[in-house]
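Q: If you count by my numbering, then the sequence shown holds residues 45 to 675, one letter each, in order.
Don't read these hints as lab results, they were simulated from the structure.
Any given hint could be a false lead.
[Said to hold, decoys possible] Between beta-carbon pairs, the in silico distance windows are:
| hint | residue 1 | residue 2 | range |
| --- | --- | --- | --- |
| 1 | D210 | T348 | 46 to 52 Å |
| 2 | N543 | R618 | 57 to 63 Å |
| 3 | A153 | D500 | 39 to 45 Å |
Ideal Cβ positions, reconstructed from N, Cα and C, are used throughout, including at glycine.
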Amino acid sequence: MRTGLIRSEALALSLMLTLVGVGCAEDTAPPMGDDDFPLSPAEPLYADAPADRGMSLPFDAKADETLPERFDLLEYQTPIRSQGRRGTCTIFATTALMESLYVREGSIAEPDFSEQFLQWSAKFEVGSFPNSAGSNPYNNLQAINRFGIVEEDLWPYEASQWGPDDDPECTGDDQPTRCYTNGEPPDEALMAERFTLPRGQWINPSHRSIQGHMVSTRTPVVVSGDFFYQSWNHGRSNLVTNSDYQANGYVLAPNEADIEDSSGDRRAGHGFLLVGWNDELSVPRVDGEGNEIMGEDGEPEMETGFFLFKNSWGTGRFGRNLPNEESGDMGGPGYGWISYRYVEEHLTAYVAGLPEVTLTEICNDGRDNDRNGQADCDDAACSGDRSCMDPGDSLRNDTPVDIPDDDPSGASSTIEVTEPGTISSLAVDVDITHTYRGDLRVTLVSPSGEEALLFDRDGGSQDDLVETFTTAAFNGLDAEGTWELVVSDNAGADTGTLNSWSMEITRCESDCGGSERMIDEIGEADLPIPDDDSLSTSIEIMDSGEITSMNVSVDITHTFPYELTVRLAQEGGREFVLVQESTEDGGIDRSFEVPGFVGEDIGGTWTLTVVDGAPADTGTLNGWSIQASVR
Numbered sequence: 045m046r047t048g049l050i051r052s053e054a055l056a057l058s059l060m061l062t063l064v065g066v067g068c069a070e071d072t073a074p075p076m077g078d079d080d081f082p083l084s085p086a087e088p089l090y091a092d093a094p095a096d097r098g099m100s101l102p103f104d105a106k107a108d109e110t111l112p113e114r115f116d117l118l119e120y121q122t123p124i125r126s127q128g129r130r131g132t133c134t135i136f137a138t139t140a141l142m143e144s145l146y147v148r149e150g151s152i153a154e155p156d157f158s159e160q161f162l163q164w165s166a167k168f169e170v171g172s173f174p175n176s177a178g179s180n181p182y183n184n185l186q187a188i189n190r191f192g193i194v195e196e197d198l199w200p201y202e203a204s205q206w207g208p209d210d211d212p213e214c215t216g217d218d219q220p221t222r223c224y225t226n227g228e229p230p231d232e233a234l235m236a237e238r239f240t241l242p243r244g245q246w247i248n249p250s251h252r253s254i255q256g257h258m259v260s261t262r263t264p265v266v267v268s269g270d271f272f273y274q275s276w277n278h279g280r281s282n283l284v285t286n287s288d289y290q291a292n293g294y295v296l297a298p299n300e301a302d303i304e305d306s307s308g309d310r311r312a313g314h315g316f317l318l319v320g321w322n323d324e325l326s327v328p329r330v331d332g333e334g335n336e337i338m339g340e341d342g343e344p345e346m347e348t349g350f351f352l353f354k355n356s357w358g359t360g361r362f363g364r365n366l367p368n369e370e371s372g373d374m375g376g377p378g379y380g381w382i383s384y385r386y387v388e389e390h391l392t393a394y395v396a397g398l399p400e401v402t403l404t405e406i407c408n409d410g411r412d413n414d415r416n417g418q419a420d421c422d423d424a425a426c427s428g429d430r431s432c433m434d435p436g437d438s439l440r441n442d443t444p445v446d447i448p449d450d451d452p453s454g455a456s457s458t459i460e461v462t463e464p465g466t467i468s469s470l471a472v473d474v475d476i477t478h479t480y481r482g483d484l485r486v487t488l489v490s491p492s493g494e495e496a497l498l499f500d501r502d503g504g505s506q507d508d509l510v511e512t513f514t515t516a517a518f519n520g521l522d523a524e525g526t527w528e529l530v531v532s533d534n535a536g537a538d539t540g541t542l543n544s545w546s547m548e549i550t551r552c553e554s555d556c557g558g559s560e561r562m563i564d565e566i567g568e569a570d571l572p573i574p575d576d577d578s579l580s581t582s583i584e585i586m587d588s589g590e591i592t593s594m595n596v597s598v599d600i601t602h603t604f605p606y607e608l609t610v611r612l613a614q615e616g617g618r619e620f621v622l623v624q625e626s627t628e629d630g631g632i633d634r635s636f637e638v639p640g641f642v643g644e645d646i647g648g649t650w651t652l653t654v655v656d657g658a659p660a661d662t663g664t665l666n667g668w669s670i671q672a673s674v675r
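Work out the full structure, taking the sequences as your base and the hints as a guide.
A: Okay, structure coming up:
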């Protein structure tokens, strides 16, 4: 019996089937028609895997363990999403794994993490495959573990990769990395809380090992590797495909004709998330002509035993008939069933453990960070935060001022404060349009001449500077008088405008200086920074007290500081990025004000992490220290 379509019918349906998408789209694929998705080479998916795909790794199942005939982790899955026309299948598979692990952990009911941000982090922060759209689970989990990713609404996914209409350089064979990430994250995403996972690991891809892992940990498995056109019933197959199999999401092990058709310059790859199985599901095998393969007994040969998987091609075509009685009423539109043989013979398997989640409300960012239904000043956790206390003054200057190019004297703007009183806290909001924010310095000058450097040539080639700066430099001074904001451009060829700025001043109700004290702690020195890796070093502070201001001094020499990211974290609390992609020559020797820890207790372990995000350059953490005012 012939269950497939004749070849001419299959080719006629090519346009319809390509709406499903395929594998990992990438610019290095063989030329194809305008209405079809390009296919990436499979090699990147195996780049960091064990030489034998992990088949020699120990089983994750005990030899005498009795495993269920059917099993699924559907209760921990977030909705099916689509990778669109971009080469981001393993980005979606890894993000789906991460969301499932967060659902399983339980602190966040409906996690939705940014695939767009993970694509950027894997390319720019980890440095994996910078000249293509592709990636792999190993490097994606590195990005999540080392740097973390943000939530989807902070940088929503774009279904099409940048082209020349988005950036003139995004065309041809030699495109800059930003073309594959669709630019850089918005400032809001870069400054936001990032979520992480433990380090990932390869596991044996045999079906019993994968089943044992899923049963014992109740967590899913990312698999990736070779893509076979007829097996997936894809429109670009030169063999006959089966529309019923495609609608049911069936992916059989490839026959010899499919392996030959999918080899050479047509070799492609795909990655997805395994979330269950059915030992009893049987589907007739087919040959290259789409005919059922018959056994000696005259009955069809059956492919038996399938994993249930979550795909990233949307819900409109692939697996659209799921769930159904035939496959055990499991899955849903956009899910699929892939045979045990396909996984064991052609794919790798990668996993990660449950996250350690500490939800802390970040005051005045417009988000309910601790998921208790109350955000910012409505949350009791922010009752002592400066932004939630009576500001005393809210002062503003909306007159635009042009910033002269390559002029250290800069442009200035003033605000007149008429109400006297001793300052207990001060914040400055700036709105600056500029084509290269790494040229800028921003300084606030008090009526009596004291200065505080708020921003110092950070952010590299990013555009604009729209940010709030909190400084303790003026605490204890009288607020009354003329305050001046000076913005200078310290390199040529880029221009900008100070659009507006404002101040918020909180005054002491009584003498606010007498009860405060300073804490100054020095960390380890002369520590080599591992190339293309990270260094972490900690300071244990035995004292206690509420932080009213904090500065961290960092002295680093490095042959290419643009590769560096420096972060400070309090054990069990928040983590903040101090500097990223520094444009300074020879290293970083600066003091960073860290207002995000104001209101926290100073006691505990403070960890400085220095990440070298690319190979070939080296450096040393010469020293670092914490200076904090507490009460």
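Q: Next step is simple, just say for each hint if it's right about the structure.
A: Comparing the hints with the structure gives:
1. D210 - T348: 46 to 52 Å: holds (48 Å)
2. N543 - R618: 57 to 63 Å: Once the Cβ atoms are compared, 30 Å apart, the range 57 to 63 Å for R618 and N543 is violated.
3. A153 - D500: 39 to 45 Å: Hint holds: Cβ distance 41 Å, inside 39 to 45 Å.
Against the hints set out earlier in the document, a violation occurs for number 2 only.
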